[in-house]
Structures are given as structure tokens and as C-alpha cells.
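**Student:** In order, the protein sequences belong to chains H and F.
Note that the first sequence covers residues 1 to 113 in my numbering.
Note that the second sequence covers residues 114 to 227 in my numbering.
Hints were generated in silico from the structure; no laboratory data involved.
Computed from a predicted structure; not experimentally measured.
Take these hints with a grain of salt, some might be off.
[Unchecked claim] Simulated pairs of lysine-lysine, DSS-like, Cα-Cα distance not exceeding 30 Å:
#1 H:68 - F:157
#2 H:60 - F:157
#3 H:49 - F:196
#4 F:196 - F:124
Residue-level listing of the chains:
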Amino acid sequence: GNSVTQMEGPVTLSEEAFLTINCTYTATGYPSLFWYVQYPGEGLQLLLKATKADDKGSNKGFEATYRKETTSFHLEKGSVQVSDSAVYFCALVGTSNTGKLIFGQGTTLQVKP
Amino acid sequence: EAGVAQSPRYKIIEKRQSVAFWCNPISGHATLYWYQQILGQGPKLLIQFQNNGVVDDSQLPKDRFAAERLKGVDSTLKIQPAKLEDSAVYLCASSPRGRGTEAFFGQGTRLTVV
Numbered sequence: 001g002n003s004v005t006q007m008e009g010p011v012t013l014s015e016e017a018f019l020t021i022n023c024t025y026t027a028t029g030y031p032s033l034f035w036y037v038q039y040p041g042e043g044l045q046l047l048l049k050a051t052k053a054d055d056k057g058s059n060k061g062f063e064a065t066y067r068k069e070t071t072s073f074h075l076e077k078g079s080v081q082v083s084d085s086a087v088y089f090c091a092l093v094g095t096s097n098t099g100k101l102i103f104g105q106g107t108t109l110q111v112k113p
Numbered sequence: 114e115a116g117v118a119q120s121p122r123y124k125i126i127e128k129r130q131s132v133a134f135w136c137n138p139i140s141g142h143a144t145l146y147w148y149q150q151i152l153g154q155g156p157k158l159l160i161q162f163q164n165n166g167v168v169d170d171s172q173l174p175k176d177r178f179a180a181e182r183l184k185g186v187d188s189t190l191k192i193q194p195a196k197l198e199d200s201a202v203y204l205c206a207s208s209p210r211g212r213g214t215e216a217f218f219g220q221g222t223r224l225t226v227v
């Protein structure tokens with residue numbers, strides 16, 4: 001079945017450091033890929049998405065590229081801020097495209113001033 | 114535009130008791146989801162409605178969980194009787210339609226079963 005695997009956390013960085021959170025997936029065909037973010041005390045919010053191979057999703061300085069050959073969708077940001085501290089979830093919607101999201105286990109990011 | 118509303122925000126019950134959660138999706142959203150998020154894990158879909166019909170309930174423990182979406186708007190999720198392993202955050206989400214559209218999440222209900 002479809003699944004998503006994220007790198008273990010927590011990830012602790014200093015402000016302005018470069019961020020990478022690894023995400024790989026298992027799915028048949030071409031799923032849609034997502035990054036969701038959960039800030040403390042808030043609900044899940046869509047951060048970015050990509051719906052076909054080689055697409056790059058971007059938002060708020062974050063980027064992720066849909067790599068079919070490596071079944072990956074790694075999240076990157078060039079310079080993190082304290083306000084980026086949150087839990088990040090990689091997710092997919094399978095080719096049946098009912099809208100059902102399959103999530104990874106989440107990666108906690110803590111950015112220190 | 115108002116977001117997805119859920120209540121209560123927190124609930125503590127004893128095992129074998131019953132509990133109910135309520136969700137009001139974004140107006141006009143045809144698709145409604147209930148997810149269960151156990152601490153340290155990603156959310157897992159329990160049930161998906163399209164209007165007031167069930168699209169997917171394959172991971173809903175039907176011996177103890179029940180969900181309904183009357184009139185294709187609000188939804189309730191009930192657990193009876195609760196077990197310790199039901200302790201989790203229950204997330205409601207909605208989208209304009211299931212296929213290819215963003216899901217918007219509520220803040221969730223944190224359930225603790227003691």
C-alpha cells in the first residue's frame with residue numbers, strides 16, 4: 001500500500017541555518033505530494049504541494065521538488081527563522097485521488113535564536 | 114471565511130465511557146474527513162464523507178467508533194466504549210471536493226482516556 005517515510009526528529013537549528021527534511025514515499029503511479037505544517041497550538045496547514053513529477057512546490061521560502069526517480073519530496077529552506085519552529089508532515093494522495101491523505105510521522109523543527 | 118470548527122478542544126474520560134466530537138466544515142465543502150493522530154505519529158484517516166455518503170471507512174474501528182454527517186454539513190464522531198489506546202487528537206478536515214483539492218483542518222480535539 002501507499003506510505004510516506006520522513007526523517008526522524010527533532011531537528012534543532014540556529015536561526016539562518018539551511019534546512020532539509022527528508023521525505024520518501026511508496027506509491028503506484030504518480031501520487032500528489034504535500035507538505036503540511038503544524039504550529040504550536042494550531043491546526044494543520046498546507047505549506048506546499050506538487051502534483052506531477054519534476055514539479056517544484058514553494059511557499060514562505062520553503063521548497064520541495066517531486067522526484068519520481070528517487071520517490072522523494074524533500075523540504076528545504078535556505079535560512080530558517082525562529083517562527084518556523086513547528087512540526088512538518090509530508091503526505092501523499094494516491095492515484096485513486098479520493099483526497100485521502102497518507103501522512104508521514106512528522107518531523108519537529110526547533111529553531112534557536 | 115470561517116475555518117473548520119471542532120468541539121470540544123479537550124476531553125478527558127475514563128475507559129469504557131463514551132464520548133462524542135463535533136465538526137462544522139467550511140461552508141460549501143462537500144468532502145469531510147476525520148483523522149486520528151496518536152502522539153508521535155502522523156494523522157490517519159478514519160472516515161471520509163462526500164456530502165452525507167461514506168466514501169472510505171476502511172480504517173474505522175466499527176465495533177466502537179461511529180460517525181455520521183447529517184444533511185451533508187455537520188458531522189459527529191462517537192466512541193463507545195473508549196479504550197486507553199483511543200487517546201489521540203481527532204482532526205476534522207474539509208475540502209470543496211475530494212479530488213485534487215486542498216484539505217483544510219480544524220484545530221482538533223485532544224482526547225485522553227484514563
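**Student:** Would you mind marking each hint as holding or not holding in the structure?
**Tutor:** Now for the hints, and whether the structure bears them out:
A threshold of 30 Å between alpha carbons decides the hint, and for residue 68 of chain H with residue 157 of chain F the separation of about 24 Å falls inside it, so the pair holds. Distance hint between residue 60 of chain H and residue 157 of chain F is fulfilled; the C-alpha atoms sit about 27 Å from each other, no more than 30 Å. As the CA atoms of residue 49 of chain H and residue 196 of chain F are separated by approximately 36 Å, the hinted pair breaks the 30 Å bound. With a C-alpha separation of about 14 Å, the suggested pair residue 196 of chain F and residue 124 of chain F falls inside the 30 Å cut-off, and the hint holds.
Checked against the numbered hints given earlier, the structure breaks only hint 3 and satisfies all the rest.
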